[in-house]
Amino acid sequence: MSLKNFTKMEYGSADEIVFGDAKYPLSYGLGLKVGAGFVSPEINFAPRPGSEKNPESLTKEYVEYITKDIMNRAVTLGFPSLQLENEWIHQMGNNPEKFAKPVVAGQKAVMQKFHDEYGVACAIRHTVADPRLAEMGLRPGMDKTHMYPEKTLDSLEVAAANGADVLSIESMGGKEVADYAIVRQDIRGWLFGIGYLGSIDMEWLWPQIVDVAKKHKIVPGGDTNCAGANTSMFMAGGYLDKDIPRVFAAVTRAIASARTLVAIECGATGPDKDCGYEGPVLKAISGRPSAQEGKGAQDAHADLMGNLIAQVCDLWSNESVEYHPEFGGSSVQCWLGVIGYEAALMNAAKQMKQDKVLRDVYVASDRFRSPEGFCMAYDNAYKIGQAIVSEGNNYYLRAKAAGLKACELIQESNQKGKLKLSKQEKDTLNKMLTDLNSLPSEEGKFVDWALKEYKNVPAFNPKNYEL
Amino acid sequence: MLDFDNVKADMILTRYDIKMESQEKPEAIAARMLPKDPLLKKVAEDVLNLKGKLIEDDVKAALKENSPEDVIEGGLLKGMDVVSELYGRGIYYLPHVMVASDAMDKGMKIAEAALQHGKKVKGTIVMHAAEGDPHDIGKNIAAVLLKSNGFGVVDLGRDVLVSDVVAAVEKNKPQMVTGTALMTTTMSAFPKIAERLEEMGINIPFVCAGGAVNRQYVESYPMGVYAEKAAQGPALATKTVEGWDWRKLRDKWDDLMAGKA
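Chains as they are written, first to last, in the numbering used here: chain A, 1 to 467; chain B, 1 to 261.
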């Protein structure tokens, strides 16, 4: 089991949680404070195709163009603080010493220059790539072809040693079973893949990340179930999409919350990852600062909770934008403007002691737009958090409790005539309730059943999880 | 905390999906498309109704009165035709297609074993997710849809080297090759593949798709044909085996996607 499982909530009530304040604020980087009564923008970016050709061209793209542009625009618009996030592309993780090291060091040098010259508070999160393939092996020594597990761990060291202020990852454990389950609308398979296997993989991975961060005196930020719950969310999509029902995505998100929490239980301190839409549940349980993305992430994707999800953030992100020209400057400059102004709005609300009002207006505008947004509204996120901590010592039972609580919340609101559901969504909700309730109450029985049920899933190898 | 239940959501948003759903009548569509022969109809209905547990017995029963080819074409694939129609109209969701396909696969194994001259496919397609890309859910969905439409699929998996894709095309001699990529920095493998195939004198449509992939990029290299969604794969593959080359697929792409070609 992990180092410290949450068995109680750090917040006494949902109403205590608000954007810009976290129970356990952080100070790091070049004068940045997070969760200490202030929201900062977190700008995320991707290089143009072709720039990955060699280390020199990639470094130039990231450092000379992207980072300089960002810092310049932050000062131009008068933003007091910001965080950068560099989600590593494959080439960086595949050869961290050659491709990533000069990028990480170069970015920090530019930031230091702007900090020295203007006093702008800033820091950079490096989210290393997790290219591990379940079929090749998730643990060191297993993947003899690519050595991806080893490269993932090497990446953490290279990032931490060369200028990262926050270490994060989008880990992939359990995805092979979760992907199989998503497209079959099989919530029990999802529970096994993400709630159980994903948690086990996190419990292996995260203590190592925390150790690296401690060694270099930087912050172990957090994880995200981007590879799983966001796949689910994007497939559920908007009102024109029929790939999977949105109630299914909502319940997968609740289950993912139990899994992503493991990073914090292993010693991650936050800020949690922006693309982890399960962040409100994590903040409610742990009191750790949270990064979120919504309407300011339209450069990367559309979602049905663009306003709501700003409710309790401490960093407000754009997800990721490819570097290219726009009329208003480069893309990173334009999107920094979008998220920076939103953060200014939140900070003005805090000064005027209207932050809880603004929080509730954010929530009210999207609360009934989708089941997933409804479940992540901070009051419901708090209830899902309570379900998780009530079974906090058992990965299986707490993930199951989170899923069931999400189903119950959706059903209750729908029956009151508030959260509307299509016929397909109602049918799916009833099936998920039946499926989850039919599962055993003992972990051992569940695992025995799941190992038989999913033994033929392509790429699933129980040895990846020591099962 | 505000009383959120007092919010009149209808004044803030429109649930277009709920407004549209009452117009669909799946039973009528199925009744029009299902085969008349009662044994074949039963097989097709097993696919349509996701009855993976019944289909093996029903295929065996159908094989007593029908040729394996008829059971495949008139039963199993006909059932998937109805599933595809319901999916295309937004009545069925993707999981219905996947579970129906699982059922069809079970039936297909029995029917194919009864074939005297081996399995017949409409054409062969080599599929892969780009080097460095561990995300392959879109490719997997596309593979199921293509198989369900009678195509043979050689699935190379994910994170596949350029050289492995080229070697697989050379070996399997497919009518079409596909690639998916989530990131702009992994999709840059596509033009390398196209270049190598061109050098070898191979000139087949290379259908590319995925998160950051766009039509303009795909049409910037030889053979590239864009697909926005996995569900577009069967239409592109069908036209390919009918003789459309990649240039014609590009020229007629808008009409094809609109169902006008």
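Just so you know, these hints were derived from the structure itself, not from any lab. Cβ atoms here follow ideal geometry from the backbone N, Cα and C, with glycine treated the same way. Mixed in with the good hints there might be a few duds.
[Said to hold, decoys possible] From the structure, some residues in chain B lie toward chain A, with a derived Cβ separation under 8 Å:
id, residue
1, Glu21
2, Lys25
3, Met98
4, Ile141
[Claimed, not checked] Negatives, chain A to chain B, calculated, CB over 12 Å:
id, residue
5, Met9
6, Pro102
7, Asp116
8, Met142
9, Asn430
10, Asn437
A quick look at each hint next to the structure:
Because the closest C-beta pair between B:Glu21 and chain A is about 5 Å apart, less than 8 Å, the hint holds. The beta carbon of B:Lys25 is not positioned within 8 Å of any beta carbon in chain A (closest approach about 13 Å), and the interface hint is therefore violated. The beta carbon of B:Met98 comes within 5 Å of a beta carbon in chain A, closer than 8 Å, and the hint placing it at the interface holds. At a threshold of 8 Å, the smallest CB-CB gap from B:Ile141 to chain A is about 6 Å, leaving the interface hint in force.
For A:Met9, the shortest C-beta to C-beta distance to chain B comes to about 16 Å, beyond the 12 Å cut-off, and the non-interface label holds. Annotated as non-interface, A:Pro102 keeps its C-beta farther than 12 Å from every C-beta of chain B; the closest such distance is 16 Å. Distance check for A:Asp116 against chain B: the nearest CB is about 32 Å away, which clears 12 Å, and the non-interface claim stands. At roughly 15 Å, the least C-beta separation between A:Met142 and chain B is larger than 12 Å, which holds for a residue marked as non-interface.
The claim that A:Asn430 lies off the interface holds: its Cβ sits roughly 15 Å from the closest Cβ of chain B, which is beyond the 12 Å cut-off. Non-interface status of A:Asn437 relative to chain B is upheld: no Cβ of that chain comes within 12 Å, the nearest being about 20 Å off.
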